[in-house]
Amino acid sequence: MSILRIESLTKVFGGLRAIDDLSFTIEPGSVHSVIGPNGAGKTTLFNLITGVYTPTSGRVLIEEQDVSALPTHSRAALGMSRTFQNLQICMNMSAIENVMLGRHLHLDGRFLPSLFRLPRIVRGDREARERCAELMEYVGLGRYINAEASGMPYGALKRLEIARSLAAEPKLLLLDEPAAGLNASETADLDEVIHKLGQAGVTVVLVEHDMKLVMNISEHIVVLNYGKKLAEGTAAEIRRNPDVIAAYLGAA
Amino acid sequence: MSDHKVQSSALAEENPSVVARPPVEEMRELKRLRWQDFVFSPRYGGFIALLAAVLIAPLFLDGLYEFDLAILVFINASVAITLNLLVGYAGQISLGHAAFFGLGGYGTAILATRHDWPALAALLAGVLLVAAVAFLIARPILRLKGHYLAMATLGLGMIIYLVITTETGLTGGPDGMSVAPMEIFGYMVFDELVWYWITGILLLLIYLLAVNVIESPVGRALRAVHGSEIAAINSGVNVTHYKTLIFVVSAMVAALMGGLFAFYSGFITPTSSDFMHSIEFVVMVVLGGMASVVGAVVGAVLLTLLPQFLAAMADYKWLTYGLILMLVMIFMPKGLVPTLHGWIRRWIP
Ligand SMILES: Nc1ncnc2c1ncn2[C@@H]1O[C@H](COP(=O)(O)OP(=O)(O)OP(=O)(O)O)[C@@H](O)[C@H]1O
Ligand SMILES: [Mg+2]
Chain A
1 MSILRIESLT
11 KVFGGLRAID
21 DLSFTIEPGS
31 VHSVIGPNGA
41 GKTTLFNLIT
51 GVYTPTSGRV
61 LIEEQDVSAL
71 PTHSRAALGM
81 SRTFQNLQIC
91 MNMSAIENVM
101 LGRHLHLDGR
111 FLPSLFRLPR
121 IVRGDREARE
131 RCAELMEYVG
141 LGRYINAEAS
151 GMPYGALKRL
161 EIARSLAAEP
171 KLLLLDEPAA
181 GLNASETADL
191 DEVIHKLGQA
201 GVTVVLVEHD
211 MKLVMNISEH
221 IVVLNYGKKL
231 AEGTAAEIRR
241 NPDVIAAYLG
251 AA
Chain B
1001 MSDHKVQSSA
1011 LAEENPSVVA
1021 RPPVEEMREL
1031 KRLRWQDFVF
1041 SPRYGGFIAL
1051 LAAVLIAPLF
1061 LDGLYEFDLA
1071 ILVFINASVA
1081 ITLNLLVGYA
1091 GQISLGHAAF
1101 FGLGGYGTAI
1111 LATRHDWPAL
1121 AALLAGVLLV
1131 AAVAFLIARP
1141 ILRLKGHYLA
1151 MATLGLGMII
1161 YLVITTETGL
1171 TGGPDGMSVA
1181 PMEIFGYMVF
1191 DELVWYWITG
1201 ILLLLIYLLA
1211 VNVIESPVGR
1221 ALRAVHGSEI
1231 AAINSGVNVT
1241 HYKTLIFVVS
1251 AMVAALMGGL
1261 FAFYSGFITP
1271 TSSDFMHSIE
1281 FVVMVVLGGM
1291 ASVVGAVVGA
1301 VLLTLLPQFL
1311 AAMADYKWLT
1321 YGLILMLVMI
1331 FMPKGLVPTL
1341 HGWIRRWIP
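These protein sequence lines are chains A and B, in that order.
The first sequence begins at 1 in our numbering and counts up by one.
The second sequence begins at 1001 in our numbering and counts up by one.
Hints in this document: simulated from the structure, not taken from any laboratory.
For each residue, glycine too, the CB sits at the ideal point set by N, CA and C.
Any given hint might turn out to be false.
Unchecked claim - Beyond 10 Å from chain B on every Cβ pair, some chain A residues (computed):
(1) D21
(2) S57
(3) G109
(4) K212
(5) H220
Claimed, not checked - Label pairs and their in silico Cβ distance ranges:
(6) A/N183 <-> B/A1057: 52 to 62 Å
(7) A/A246 <-> B/R1346: 56 to 66 Å
(8) B/M1326 <-> A/L70: 26 to 36 Å
(9) A/H106 <-> B/Q1308: 49 to 59 Å
(10) A/E237 <-> B/K1145: 19 to 29 Å
(11) A/R126 <-> B/L1319: 48 to 58 Å
(12) B/S1178 <-> A/R123: 45 to 55 Å
(13) A/Q199 <-> B/L1124: 36 to 46 Å
(14) A/R123 <-> B/L1124: 43 to 53 Å
(15) A/D66 <-> B/L1128: 32 to 42 Å
(16) B/L1124 <-> A/L118: 22 to 32 Å
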C-alpha cells in the first residue's frame, strides 16, 4: 500500500498552472525527494498535499484514502506532518511550547478537562514537555530548551520546526527546504537526522535545493519543472537524465 | 567567569553542533524551578497576590462608595480575564464584548423582574442566551481577520445595542429598567459586603480556571492560533473549533457578569452594552498586557479606579485619562505587566 498517491493533480493560480496534471506515488519507508528549479511548484505541491490549497482538479490519497475533501487538521490526524520554507513559528510562545504544539493530537485537547486541570492534563503535559525536550536535543537544540522562540536565530528555528513535526510522530514527514539558511555543519547534522528518521521507518518527502544532501540521502526523486513531472527515479538515474540536466542548466 | 561565557557562546555561533547538546546534569539544572519562577508565575505568585488582595481589602475599605468600586473592579476584572483569552491569547479582537455583557444583564433582569424567575435560573438563562447568540455568529465572524474582524464585532455590538435601546416594551428603552434584588435560597442579597464576597470569590475562581486553560493543550492551541494559524492547523489543531470555543466562553462570562451587575446595581441601562463600554474592556486587556492574566486584572483595576482618582481634576479628567493611556502605550507597548516583568527579569534573570 502506498503512503501517498498524487493523481493528475492540477492547481491553477489565475492563468498560471503551478501544478500541472501531476501524478506520482510514494511508497512507505525511506527518504524521497522532490526537486526542481525555483517556481517549479514544490511548495504548492506540499500545500495541496496538506490541504492548505484546494486543487483545481485531481486527487490526493493517503494510504489509499482520498483526502481531497478533508481539512488540513484532519489530514494531520492521519499521520502527516510538515515544515515550512517560510518559517511558521509561534513567536508568542517559548521554544519548547512550539514543539509541544506538535504533540497536540496526542494530548487531550478538550475544553473541560483542561478547564478543571484534571490529572491526565497535568500528566500529559509533563510527559509531552519531557519528550519535546528530548526531541530538541535530538535535532541539536538542547541549549534552547528554556529559550523563547523570538530570541532564536534562523538556523535554530528551522530545526525547531523539524522537532515540532517529529513531536507529532508522523508516518509521513514533508520537509520544505530544511537546509536553506543552514551552514555546512548544520546541514551535515540535518543529513544525519533525516537519514536516522528514514531508518526509523518514517517516510520522508524532502524538497531541497542542496543537491549534495538530496543525492546523498534519497532513494527516490521526483523532478518538477513548471508544475509538470520532468523525471522520476533513483539518484543515479536522475543525475544522468538529459532533461533534468537541461532544465537545471536552463534555470541557471 | 564572564570571559568563559563569551568564549563558549562565540564557539556556539561557529559550530553549534559542538555545544548544542549540553550534558544531562546541565539540563536538569536548567529545568529546576527557582524562586523567581514561583513568584512570577500566574498560578502561584499571581494567584496568591490576588487572593491576599481580595481577603485583606475589606479591612481597609471604608464606606459604600469604596466597596462599590471594589465590586466594579471584580466584575470588570472577570470580564477582562476572559476577554484576554480571546484577544491576548488567541489573537482575535472583539470590539463588541459589552454587547454580551448587556445582553446577559438584560436577559437576566427581564426574566427575574418581569417573569419572576428565581435569580440563579435567570442568570443561567441569560448566560445560555448569550452562548447561543455567540455560537451562531462565531463561525461567519471568526473567519474574518484583523481589521475586518474588528469591524464585524463592532457592528455586532451596535446591532445588539440598538435592539436593546429600541425594544422599549421589553427593555425599558434608553431609560433602562430597574431590576429586582437577587434572592438566593430565600436570602435577599443587598449588603455590599455580601456582594463583595460573591464577586471577589467569582473573580478568584475565574482567574484560576483561566490559568488552567492557559497552561493546557487548549491554551497552547489558542496561542498557536495567534502565533501561526498555519502551524496550528498543520499540527492538527482545529482552528475554527478553538476560535469558536473561546469566543463563546468569553461571551458567556461577560453575560454572567452582566447579569450580576444588573442585580447588584438594581438598575440597567443600554450604556452597559454600548461601544464605549466595549472599548473599555479591550483597553483593560491592552493596557494591562495582552496574553497576561495578571495584566487583565491590573488593567481592570486601573481603568475602573483611574476616572475616580481623576474626578478631582473636573474639566481635565478625560484629557488626563486619555493622556495616561497614550503614555503607557508609547512607553510600554506590551502593556504594563509584561513590560514591568521584562524590566524585573533584567535584574533577576
Ligand atoms: N498563492 C499563490 N498565488 C498565486 N501564485 C502562486 C501562489 N503560490 C505559488 N504561486 C506561484 O506558483 C508557482 C510555483 O510556486 P512554488 O512556491 O510552489 O514554487 P517552488 O517550487 O516551491 O519554488 P522555490 O524553490 O522558489 O521555493 C510560482 O510561479 C509562484 O509564483
Ligand atoms: Mg518552495
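Here is what the structure says about each hint:
Its beta-carbon lying about 26 Å from the closest one in chain B, A/D21 satisfies the requirement of being farther than 10 Å from that chain. The claim that A/S57 lies off the interface holds: its Cβ sits roughly 23 Å from the closest Cβ of chain B, which is beyond the 10 Å cut-off. At roughly 5 Å, the least C-beta separation between A/G109 and chain B is not larger than 10 Å, which violates its mark as non-interface. A cut-off of 10 Å between C-beta atoms confirms that A/K212 is not in contact with chain B; the least separation is 17 Å.
Against the 10 Å criterion, A/H220 stays outside the reach of chain B, whose nearest CB is about 24 Å from its own CB. The hinted range of 52 to 62 Å is satisfied by A/N183 and B/A1057, whose Cβ atoms lie roughly 58 Å apart. For the hinted restraint 56 to 66 Å between A/A246 and B/R1346, the CB-CB distance of approximately 58 Å keeps it satisfied. One distance hint, 26 to 36 Å for the beta-carbon pair B/M1326 and A/L70, is violated here, with the actual separation near 48 Å.
A/H106 and B/Q1308 have their C-beta atoms about 50 Å apart, which keeps the hinted 49 to 59 Å range intact. In this structure the hint that A/E237 and B/K1145 lie 19 to 29 Å apart at CB is violated, the actual value being about 46 Å. Range check, A/R126 to B/L1319: Cβ separation about 52 Å, and the 48 to 58 Å hint holds. For the pair B/S1178 and A/R123, the supplied restraint of 45 to 55 Å holds, since their beta-carbon distance comes to about 51 Å.
Roughly 58 Å separates the CB atoms of A/Q199 and B/L1124, a value that falls outside the hinted 36 to 46 Å. A/R123 and B/L1124 have their C-beta atoms about 33 Å apart, which leaves the hinted 43 to 53 Å range violated. Checked against the hint of 32 to 42 Å, the pair A/D66 and B/L1128 passes, with Cβ atoms roughly 40 Å apart. Between B/L1124 and A/L118 the C-beta distance comes to about 24 Å, which sits within the given range of 22 to 32 Å.
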